[in-house]
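Going down the list, the sequences are from chains Y and H.
Using the numbering used here, read the first sequence as starting at 7 and increasing by one per residue.
Using the numbering used here, read the second sequence as starting at -7 and increasing by one per residue.
Calculated directly from the structure, the hints in this document are not laboratory data.
Quick caveat, the model's predicted, so the values are computed rather than measured.
There's no promise every hint is true.
Stated by the list, open to error - Quick list of simulated restraints, FRET-style, between CB atoms:
(1) H:Glu141 / Y:Glu152: 42 to 50 Å
(2) Y:Gln378 / H:Ala148: 54 to 62 Å
(3) H:Ala148 / Y:Leu507: 39 to 47 Å
What the hints assert, rightly or not - Here chain H is said to cover these stretches of chain Y; the calculated rule only asks that three of the stretch's residues, wherever they fall, bring their Cβ under 8 Å from a Cβ of chain H:
(4) 44 to 53
(5) 57 to 64
Stated by the list, open to error - Negatives, chain Y to chain H, calculated, CB over 12 Å:
(6) Thr20
(7) Pro377
(8) Gln485
The beta carbon of each residue, even a glycine, is placed where N, CA and C say it ideally should be.
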Amino acid sequence: MTTPERWARIRAGTEALLATPADARAAFLLHAFGDDESLRAEVEAQAEACELAARSPDFLVQPATSFAAPILSDAAGTPPDEPSGPTTEESAEAALRAALAGHYDLERQLGRGGTATVYLARDHRHGRLVALKVLEPALGAAMSAERFLREIRVTAGLTHPHILPLHDSGSAGGLLYYVMPYIDGETLRERLAGGRQLPLDAARRLVREVASALAYAHRRGVVHRDIKPANILLEDGHAVVADFGIARAVRRAQEPQEAAAPRSSTQRSDSDGTNTLTQAGVSPGTPAYMAPEQARGKADVDHRADIYALGVVAYEALAGVHPFAERTPQAMAAAHASEIPVSLFTHRPDVPPALAALVMQALEKDPAARPQSATEIIAMLDRAPSVAEPPGAHRQHRIMRWSVTRIVTVAIALIAAGGALAVRSWTARRGSVAPGPATPVTRSPGPTTGASVTDAGQRGTSDPEAYELYLKGHYYWTQRGAANLSRSIAYFQQAIARDSLFARAHAGLALAYSSLPVFPPDSADSTKLTSMSGDRAAELASASAERAARLDPTLADAQLALGIALDMRARFRDALACYRTAVALDPSSVTAHHWLGMSLLNLGRTDEAIVELRHATELDPLAPVPAAAIGTALLFARRFTEAEAASRRALAHDSTVGFAIYTLGLAQAFGGQPDSAVRTLARGVRLAPDDAHLAGALVFAYAAAGNWNDAARMRDHLHSRWGNRSGWADAAAADMVFGDKEPLMRVVMSAAGQRRFAQTGGIFGCNPLFDPLRSDARFLTAMRDMEVAACPLAKRWPLPVRART
Amino acid sequence: MAEQADAAAKVAANEAAEQETVAALAMLRRGAPDGMDRLIPLVYAELRRVAHRQLAVEPAGHTLSTTALVHEAYLRIADQTRAEWTNRAQFFGLAARAMRRVLVDYARRHQAARRGGSQQQPVAFEDVEASADALSVAARGDELLALDEALERLSALDARLGRVVECRFFGGLTEAETAEALGVSQRTVAGDWLMAKGWLYQALRAESE
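If we strip away everything but chain Y, and leave its shape as in the complex, we get (with noise of 0.2 Å):
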């Protein structure tokens, strides 16, 4: 129990945290607190919640009055002093009845939902049966009739076998309603009730079939805006799309009256101004399903609204569950902005990797970065491989067992359910879809299939605290950058002191220390990490592998962990053998493929290495880093094209992953595309002003496309940045590129570079960035030395004669 005093003791705390520089935060924390554990998690839990809080886009933004209009709008048909009038609703369709008799009698009522009444009806006229949807008076009361009738008529011209025809629409007793063809089946979110998934081909012919009707309409210029489960229909098991255009006439109805009134039917664009329906948090769109710009109301709202929502169906009928489900309205808006889905093969590992890459796509936060058209999915899904006979790479994954990648996914799934890291508000209260971080043990998502992860024994410690602390220090871990990965240090070294012998987390902990030299801790802070050297990072990585082998010798991770500590020791045929053994130990891990490739290639194996890169991207399509690193492989083989290539789908996956912007950058600059190549590193740079890499390559690519100003202005950037650390690469080899070779030699030659070379994440091999240095004796003789293959691939740079000046 928390007393006031106790309470301004952590307020302080936090207050002083908040103002600590997040990579300093974690050695203030042991600092300060290093005494009293329960102060300092009480600290640092504050802290985090009110960064959260304050990050938050809905937690306590808006004024409550706005907040509970619902609420009072629900009430004010109650005013709490004056008795309630029952009888309206009846009245209301009373009169409806009437005014429809002669046309419709209506049968039953078959639902009711926010916006609008479906009732069962007959139509005399034609002597059938059709389903007449009422919108409700509050709705119909705040727009001009006149003008949903005119708008839904334009919609009503749309006729394909995928979409659910308008009969006829009218007003009668003061209400709107409109009429369509009644189906005797079931809705997709019926089908989808209870969290059942479709069978693969019938959610693949769904979605297909969603997206011909998607396709058609577009072409004519109509946008769904509310596609969902609710609006599509099964009848015999093919999807029909009901509503087509409803909220788009809904929304127009409201608009005030001149900005309407110019448009013509020909001119439609959808680009419409201010969306009053939305500010009034009425409909249409259900915020479950609404694109990212559709729920903030964007005035420029397109069809790719609808390639969002069919992706959200998409998600939901292979999993089984909504991507952010369990949220109210606010909070799932706010999910769609800012959250990324858990990955389909979390919830069904036998998605077809290509299917579900056109999902994850579908749902990306950046219109430009999904499918541009609906058209465009039908070609992805009619390329995309059977959904019948799995490939061998799915199969994998079946058999997958509880490995990195794994982790590393229920990590994410944690905090992107409603765990300490959520944007998740607090809204919805009720039931949680994943597991929070308080009871990550029992409720975790398991692995696919084989042992469950529910037992100590897989998960490696007893202690569900140590578990989670595990868990967030592995995620920040793959998120790389140096506040990160301070965090990540931080929580593993948290984990080891609830459970010394949890040989994951000793792991984790080398894996984030081998990475220090390559994201360094900013100079500005004094934290310790900051004056680490590498070999003294190397040393740390090293201690921390050996203790996770000692403790458990059948983990992947401890291996992976020593290989990586004695790269950054140059010891690099020693490091091939390790990463072996983690492949044997885990041919599922999609990190062990990769490192294993990453040594291949540093020790000039190219092929084999694109081999094992290959095998890495197949476990797991959507990991960008050993993209990435494909990238980087075609690259060392000279296949420029393909380089190119693959570095671009690594960056549709995450447009800012700093190593595929480096590979592509140099492989348009060696591919003869100069000026292109300048482009894509500038970006780079701007991205990314840290790496040290980007700017070395941005140096060459100056050079390259003949402006030798800039490439010059870069070179000394370098220098000034990075030059008087001893060993850096990138600014010898921008030396080199001025025709100096000798700095990079030096690099070369001397263990304590080659070392330094290797802590910073370079790669010797067939680096085309060495090869003005592979005619040299000195060269040779040092790659022999470290086990690297010849390459015979070299050539000279493609650089123009530099004007002298």
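Fit chain H to the known structure of chain Y by using the hints.
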């Protein structure tokens, strides 16, 4: 006839309310400790009335402007009492607390009505997400009640944090207005608001797990 009687009753009620307010204000000026408490019901009634009127005029679901509500209530009460509200800021602080009570009251009422039944209606054609609005109303009500409860606990730890949340969230006051209402610096309000939000974030999250 009935209308006249109605009007007469309203006048009488207004007069009673006015006298009540005047008395409350007098106590407030004298610094009597329960002056605040006596004024709250008046503000409460006024806000509730204004909220109802606004809802009747505006389409369902329309966002109510807190500031507009508070200001209108302020003007009406000030006018009713013809009192010189020299301490406008203090009034706003008071109104914020009243707003909290109004909203929490609404949420309770709504929750009670929900428990009372009317859930048996089957929803066949439309579904969960189609009735997301209805769901969200319930969820929002629950959230509001949970927040109110958490705020009570926070106030026990640090009363000023509780007041800041009332002003900023329930009253819709700006940082500057809150500072004025509570007689502290704007910087204090900013710090308090950050801490309070973090605390509540944790408290509500803990409940959700």
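Checklist line | Status of the given 42 to 50 Å range, CB of Glu152 (chain Y) versus CB of Glu141 (chain H) | finding: Given a distance of about 49 Å, which is inside 42 to 50 Å, the answer is holds.
Review point. Minimum Cβ separation between Gln485 (chain Y) and chain H greater than 12 Å?
Key: It holds; Gln485 (chain Y) is separated from chain H by about 22 Å at its closest Cβ, greater than 12 Å.
Outcome for the supplied range 39 to 47 Å, where the beta carbon pair is Ala148 (chain H) and Leu507 (chain Y):
About 42 Å separates the Cβ atoms of Ala148 (chain H) and Leu507 (chain Y), which means 39 to 47 Å holds.
Mind checking, does the stretch 44 to 53 of chain Y have 3 or more residues with a CB under 8 Å from chain H? holds (count 3)
**OP:** Could you check that no beta carbon of chain H comes within 12 Å of the beta carbon of Thr20 (chain Y)?
**Re:** Contrary to the label, Thr20 (chain Y) does not stay out of reach of chain H, its closest Cβ about 7 Å off (not over 12 Å).
Quiz item: So the hint says 54 to 62 Å: do the beta-carbon atoms of Gln378 (chain Y) and Ala148 (chain H) match that?
Solution: 56 Å, holds
Exercise. Are three or more residues of the stretch 57 to 64 of chain Y within 8 Å, CB to CB, of chain H?
Worked result: With 5 residues in contact (Cβ-Cβ under 8 Å with chain H), the coverage given for the stretch 57 to 64 of chain Y holds.
(Q) A cut-off of 12 Å on Cβ-Cβ distance, and Pro377 (chain Y) was said to be off the interface with chain H. Does that hold? (A) 23 Å, holds
Of the numbered hints stated above, the single one contradicted by the structure is hint 6.
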